[in-house]
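Enquirer: Listed below, chain by chain, are the residues.
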Amino acid sequence: DGGITQSPKYLFRKEGQNVTLSCEQNLNHDAMYWYRQDPGQGLRLIYYSQIVNDFQKGDIAEGYSVSREKKESFPLTVTSAQKNPTAFYLCASSDGSTMNTEAFFGQGTRLTVV
Amino acid sequence: RKEVEQDPGPFNVPEGATVAFNCTYSNSASQSFFWYRQDCRKEPKLLMSVYSSGNEDGRFTAQLNRASQYISLLIRDSKLSDSATYLCVVKSFNKFYFGSGTKLNVKP
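Top to bottom, those sequences are chains A and B. For the first sequence, the working numbering begins at 1 and goes up steadily by one. For the second sequence, the working numbering begins at 1001 and goes up steadily by one.
The shape of chain A in the complex, shown without the other chains:
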């Protein structure tokens, strides 16, 4: 079955550590996105990528980094510079060649700083 896989589902990080969240898709989509969701709030865009080897900052990129070396993969690193990283992280992909296509989401990673 085609879809987006995020791992791990739950992640605990000590303060000062970097952690990397995995996102893999087999939908052959060009566009991929990372969002952050805090309790009771909407999704905020961290980074997005329209094509391999290219990515752009979203609205809240500070303290995060990404790479897009393969079409299928768009990992997100939460660095120690991110002051409040505890949140629900959602990865999405979309067929960037067609205007009206929706975003498909992975099941999310819940990150907690301990």
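Keep in mind that the hints are not guaranteed to be accurate.
[What the hints assert, rightly or not] Which bits of chain B does chain A cover? Going by a derived footprint, with three or more residues having C-beta under 8 Å, they are:
| id | region |
| --- | --- |
| 1 | 1024–1037 |
| 2 | 1043–1049 |
| 3 | 1088–1097 |
[Stated by the list, open to error] Computed cross-link-like contacts, DSS-like style, restricted to lysine-lysine with a CA-CA straight-line distance of at most 27 Å:
| id | chain 1 | residue 1 | chain 2 | residue 2 |
| --- | --- | --- | --- | --- |
| 4 | B | Lys1107 | A | Lys83 |
| 5 | A | Lys57 | B | Lys1095 |
| 6 | A | Lys57 | A | Lys70 |
| 7 | B | Lys1103 | A | Lys9 |
| 8 | B | Lys1002 | B | Lys1091 |
[Said to hold, decoys possible] Sample of chain A residues lacking proximity to chain B, with all beta carbon distances greater than 12 Å (derived):
| id | residue |
| --- | --- |
| 9 | Lys14 |
| 10 | Glu24 |
| 11 | Ala31 |
| 12 | Pro39 |
| 13 | Gly58 |
| 14 | Arg68 |
| 15 | Ser73 |
| 16 | Arg110 |
Hints were generated in silico from the structure; no laboratory data involved. Just so you know, even glycine gets a beta-carbon here, dropped at the ideal spot from N, CA and C.
Following the hints, put chain B in place on chain A, whose structure we already have.
Expert: What follows is chain B alone, placed relative to chain A:
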């Protein structure tokens, strides 16, 4: 100003009720519009796309007014299983902008 604004609710309605959600967006160049449903602690899932002519999918009807930059979702004959948060989503130049969601509680 937020790109997409929604009434956060919650909307508490009895089973069988009709409920309407509204949403406004700020970018007049926005190209595509969607309603997503998000259950507690889960990922958002597409409920329906929204077209300028309006569209219906069973008990759900979506409307778009480009002139007013306004999107609506109507749910008829509410079921207990409709309880969730409904997210209004606008796509502009391949970026998706999400409203903060409207929470719906359907009561027996």
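Enquirer: Evaluate each hint against the coordinates.
Expert: Against the structure, the hints come out as follows:
| no. | hint | in the structure |
| --- | --- | --- |
| 1 | 1024–1037 | holds (count 3) |
| 2 | 1043–1049 | holds (count 5) |
| 3 | 1088–1097 | holds (count 6) |
| 4 | B:Lys1107 <-> A:Lys83 | violated (40 Å) |
| 5 | A:Lys57 <-> B:Lys1095 | holds (11 Å) |
| 6 | A:Lys57 <-> A:Lys70 | holds (18 Å) |
| 7 | B:Lys1103 <-> A:Lys9 | holds (24 Å) |
| 8 | B:Lys1002 <-> B:Lys1091 | holds (14 Å) |
| 9 | Lys14 | holds (23 Å) |
| 10 | Glu24 | holds (15 Å) |
| 11 | Ala31 | violated (6 Å) |
| 12 | Pro39 | violated (10 Å) |
| 13 | Gly58 | violated (8 Å) |
| 14 | Arg68 | holds (14 Å) |
| 15 | Ser73 | holds (18 Å) |
| 16 | Arg110 | violated (8 Å) |
Going through the hint list in order, the structure does not satisfy hints 4, 11, 12, 13 and 16.
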